[in-house]
Every structure is written in structure tokens, then in C-alpha cells.
Amino acid sequence: MADTAKAKGGGTAKSTGGRRRSRKDSTTPAAGGTTPGVADEKPDVLLDYYRRMVLVRRFEERTGQAYTQARIGGYCHLNLGEEATVVGLMDALRERDYLYTNYRDHGYAILKGMSPRRVMAELYGRSDGVAKGWGGSMHMYDTEARMLGGYGIVGGQLPLATGAALAVTYRGGDEVVMCQMGDGTTNIGAWHESLNLASLWNLPIVYTIVNNFTGMGTSVDASSAEPDLYKRGSAFRIEGVRVDGRDVLAVRDAAADVVEKARSEQRPYILECTSHRLKGHSVVDPAKYRTEEQVAEARANDPVAAFEQHLEKAGVLTEEKKKEISDAVKEEVADAADFAENSPSPDVSTLFDYTYATPVANESRRMPADPVFAE
Amino acid sequence: MSVITYRQALRDTLRAEMLRDDDVLLLGEEIGLFEGSYKITEGLLNEFGEQRVRDTPISEEGFVGAAVGTAMMGLRPVVELMTINFSLIAVDQIINHAAKVYGMFGGQTSVPMVIRTPGGGGQQLGATHSQNIELFYAFVPGLKVLAPSSPADAAAMLRAAVRDDDPVMLLENLGLYNSKGEVPDGDESVAEIGRAAVTREGSDITLIGYSRMAAMSLRVAEELAEQDVSVEVVDLRSLRPLDRQTVVDSVRKTGCAVIAEDDWLTYGIGAEVAASIQEGAFDYLDAPVRRVAMAEVPLPYAKPLENAALPSTESITTAVKETLSAVGKRVG
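Going line by line, the protein sequences match chains A and B. Everything in the first sequence is counted per the UniProt record's numbering, starting at 1 for the first residue and increasing by one. Everything in the second sequence is counted per the UniProt record's numbering, starting at 1 for the first residue and increasing by one.
Derived from the structure by calculation, the hints contain no laboratory data. Keep in mind the model is a prediction, meaning the values are calculated, not measured. Mixed in with the good hints there might be a few duds.
Sample of chain A residues with no beta-carbon within 10 Å of chain B, all distances over it, derived [unchecked claim]:
| hint | residue |
| --- | --- |
| 1 | Ala5 |
| 2 | Lys6 |
| 3 | Lys42 |
| 4 | Leu47 |
| 5 | Gln69 |
| 6 | Arg171 |
| 7 | Asp174 |
| 8 | Gly189 |
| 9 | Ser219 |
| 10 | Glu319 |
| 11 | Ile325 |
| 12 | Phe339 |
| 13 | Asp353 |
| 14 | Thr355 |
| 15 | Ala357 |
Residues from chain B shown here face chain A by an in silico Cβ test under 8 Å; the list is partial [unchecked claim]:
| hint | residue |
| --- | --- |
| 16 | Gly103 |
| 17 | Thr109 |
| 18 | Ser110 |
| 19 | Pro241 |
Where a beta carbon is used, it is the ideal one built from N, C-alpha and C, also for glycine.
Only chain A is shown next, with the shape it has when bound in the complex (with noise of 0.2 Å):
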């Protein structure tokens, strides 16, 4: 597992100490780094993985063309740079775990086995979207994939991953949650009660935090007087994990280790994969805060095109294979679009449809220039 820091839960865990925003522990390798392990994998799991990050790159880039022309609407966030992360956690749950995330959703939607298509037709606000048009860009949910939400308020999803992982042990399944969240979410008091409430109740769940080091435009060292986000566990005696974001392996390796311990112990994890947004929070945001050097340093780090490079230099990706990989996602990602842009729109008929599960006496069905009595 390269480039793992770990704390220990039970108060092991060493600070940063006083005032001074030490990173010394932060996983920043150098650009064009290593990335162990390439040798010893099968070349199939490789270009899988890698098939996966170029899919979740071309689907994000065709989602901010889509917004920018205005076939998207509302909020639009992207998973650019984060690639290797969501390949690699995804790949660690097995088929029958549960994932919850923020409103940074779309890549984790698919890998989670949602179909392209369906997520596409979700961001269009169409009928054959997900969520049937109701949720957008913010509100993945299948409950046949077990992706029980991507959610808008920040911190949100906590306690809610936290309450799906006790009904698991309610149950006796062995079924794990994982939550994913972003790094600015670890200073909400939900993050605080979730966490106590979890390690309280022994419950199967790793709270995941992609850290990017910017909550919108705040970094982390501005806003967590705690930037070892993995750290942040120590008070609730739960361990906390971090690894390079940006290796997918190292990812995969360190979620895996997680999930499973999570697994066998019920016992919650902290898993915190650094990274770097490409763009701005959102698909409007120029980021402006940012440096040119951070710019650049991101850029120099793009998680696919590194990954693409070790698995040239190892002789797993040829240039054959990368055209064939490049088509394919490009023919599945127009599909979705295609998809998106042919599924009709929700029908006005159905605005009442999903007030309440169970059907209520005098629910209001009014219009807005409706009189409250018709008569």
C-alpha cells in the first residue's frame, strides 16, 4: 500500500501541533511518481480500472459540455481529477454494499452499476432519468445498485449512511456502507455525531472523505484546525487511513483493506484519498483562488493521464488497446447523451406523484393560481 499514512483511533493519533498548517503527512508525490504494484497485477484488472477512469473522464467532460450548453441545469459538479478515487473505492465494495455520497456524484453513480444512460438522462431532468427527473445532478439514487443518494447539504448523508449501517446489524447482514463526503464535511457537527454514534454502536461503515483541499474555495488548512482529516477519528477511537488519491491501486488497496476490516470487526473506518480538483467546484466556477502553481501542479498530477503512462511504460497498454478503450467509452458516453436527449420530459401529470408513499386524505393538489376551494 504505498503512501498510506494511518492513525490509530484511541488518541494515537500525532498532531500537527499549535498553529502551524503542517502538511507534513499529506500525500503529495511527485509528478510522473511510481505507482507500486502495476508489476503484479493482471494486465486485464489494469485496463479495467483504467477503461473505468477514462469513462468516468469522458462522461464528466460531456456532462460540463451539456451544461455549458444548457441541456443541463441547477448545480453541476464534476469528478475531474478524482478518477483514480472513484474507480478505486468502487471496486473495493462488493455488489451487496451500500454507498451514499455528496452532491459530487455522477462517476460513483456509475461505477456503483448505474447505468450511463439513466445518470445522463437523470442530469437532462428527463423521464428516464433515475430518479424519473426529480432529483438532477445532485441526487443519484438506484436502489438496485445500492446507491441509497448523492446528497445537496453538505454533511447531510452522514447521519443517514450512519442509520443504513445500523439497520445492516439490525438485520445481521454483512453488508458494509460506505459514505463518501469531501473534506470540508469533517467540520459539521453531523460529522461529529455520526462518527460517536458508529463507533457507539459498532456499526460496518467507512466514512470516505475525498480531500481535495478546498471546501468550494476554502482550503483545508483555513478551515480544519485538524488538516490530517484521518485524524479526525482519534476522538471516537475509530482509525482513520490516508492514501494518494490519485493512485487508483493504492486507493483500491487501502479501501479494500477498510471495507473488509469494516467487515469482519463492525467497526467504522475513516478513509481519506487526497487528490486534486481539475476544475473549479463547480462547472461555473473559474477558481480563481487558486494559484497558477496549484493549477499547474493538479494538471501535472492528472490522476488518467499518469495512470495511462505507467501502463504504457509496462507494456499493458498498447496503442491499439488505447484506441480500442478511447472508442468504446466514447461510443458509451454518446449513447447516454443520445439517450438523455430523446427521453421526453417528465409529464406535468405526474407533480403529485411522489409527495407521500402512502396515499393521505385532503393532500393538496393544487395549482399555484388555484383557489384552495373549487367550486
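With the hints as your guide, set chain B onto chain A.
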């Protein structure tokens, strides 16, 4: 027929629902070992064990949200919030999550959970422990908000809430826990959510209330009957959905209305009811709709101040008499 307290009705129903359905579990502060701040969960930890009667830390946001998560997985959590005032700490989980999950994800998963919580002034608990903020929740589509006024209703509404697939807030009232009423033996009735009830028929005036004010309105009606005034009492019972039709039907019959509410007047539940009456019974009204509501202050501790601030049988009676006098009906 047995005469039992509102508290006993709630406790017996919780127990019966837990016996009926293994998916029903309880979560809340001090509900297990302590047996509940108001003893609604007395004996349940002993009978059902820690897995189903789960004491929580003081983490309203955490455990209300955890209940939402367990409900998304198909369990039927019943959460006790020690008082409605503490619901404010969990408001993100109630309004942004419990109320949204079903619709926001296109009806893929329901949230079959209940939040039981008492509110109400009159206990000398001061400003932060005496609020009636039911309006906050009654405002939100996706939630169902119930406010029982009698032991029989408390039982039937709790039964309905547990069996319903949506998030239901069952608003109890500190001032009602010791009130008694008849509950049929072996009662299995399930209240219909979204329905008000005419709890006393009358012809001179409509008196509308919910929770403690519905109970108080019945007493006012009984007293006024001795003075030959015929008061029809409407108990709203369900604050969302609101049964406007039952209210309006009554006012069309009597021609005038008084609303008794325990919350603050401005923007309160009564404002919504009054607006419904003007829209549904404008041509039938012989006098303006009157509202009796709490004085608009943070509720004080000292008993004379607290008493003065809260609606009472006297203040409701005054409003009823003045309204009747405005329409030319003499009282007493």
C-alpha cells in the same frame, strides 16, 4: 371501555406495535434504562432489549438522521425527541432529508419513520422549553403532522403513524400526558391521517383547536352549553395534510368561528385556518374569524406571567362570547 391516560395510551400502543412488527425499533435519549423522560417507554427496554429500544447520546441530528437511514432500509424506527424544542437541532435531517428522500429520488424509497415529541407551555419550563413550533413541520410537504388531543386519538394516531410509509411527526403535549379518556378495550383502530373531527356538534358557533386547545375547546363548549350556547368543536387532528373541508363545512353551518391555538398568532396554524375559512365560507360568515393564541413573547418562567401569556378556557370563552355578540346572539 377503559379510562386511561394519554401517556398510557401511547405506551400501550408503542408496545403493541413492537409486538406486531419486528421491524419497529425505538431510538431516543433516555428511552431505555431511564424509561423515558415522560415514561412513555416504561418497561420496553426490559421487554424488547437494547437492539429494539436504543438509548442514544445527546445527538439529535445524528440519531434522527440515523432513523431516516434505517427507514430507507425498510425498518420502522420510532424516534422520541425529548421535547419539540430539541427538534430544532435535528431540523436538517427532518426537513432536508426525511421529508425529501421519497420525492427527490423519484419515489424509489419511502421513509417509514415516526418522530414522537411533546410540546406545549404551562409547565414553567421557560422560553426554550415551552414552544409550539408545529408550524415549522406542518409547513413542509413530504411530512405528515399529527396532533392528538385525547387518549383514544393518541393511540389511533400512533398506530397510523407507525404503519404509514411516510415520515410522520406525532406531536404530543406535556399538558395532556396525564389527561384521561375512554379507550375501547382491545382497540385496534387506526386513525385516518389528514382528517379532522367534529368532536361536539353545535349550531351557534364553530370552535376550532388541536392538541391541548382541542381538549380545552371541548370544556369551553360544555360550560357554554349550560348557558344555552350551542358550540360546535372541530379538532384539526392532522396539521398536514390539513382538513380544510371539515372546518369550512362547520363554519357554513354556524356562520362564525373562533380558533384556539397554543402557538404564536402571527403566521401561526390559526392564520392558515382563518385563511381557509375566508376562502371556503366567505359568504356564510356573519362575523370576522377570531383567533385565540399565545402572547407573542418568549414564554416566561414565573407562573402569573406564563398563565397570562397562554390561551385559557377564560380567554377562549371571551372570544366566543364576543363573536356571538357581534352576530347578535346574546349569551348568559
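Taking the hints in turn, this is what the structure says about them:
| no. | hint | in the structure |
| --- | --- | --- |
| 1 | Ala5 | 27 Å, holds |
| 2 | Lys6 | 26 Å, holds |
| 3 | Lys42 | 35 Å, holds |
| 4 | Leu47 | 33 Å, holds |
| 5 | Gln69 | 24 Å, holds |
| 6 | Arg171 | 8 Å, violated |
| 7 | Asp174 | 14 Å, holds |
| 8 | Gly189 | 6 Å, violated |
| 9 | Ser219 | 25 Å, holds |
| 10 | Glu319 | 43 Å, holds |
| 11 | Ile325 | 32 Å, holds |
| 12 | Phe339 | 17 Å, holds |
| 13 | Asp353 | 7 Å, violated |
| 14 | Thr355 | 5 Å, violated |
| 15 | Ala357 | 3 Å, violated |
| 16 | Gly103 | 4 Å, holds |
| 17 | Thr109 | 6 Å, holds |
| 18 | Ser110 | 3 Å, holds |
| 19 | Pro241 | 4 Å, holds |
The structure does not agree with the numbered hints 6, 8, 13, 14, 15 stated previously, though it agrees with the rest.
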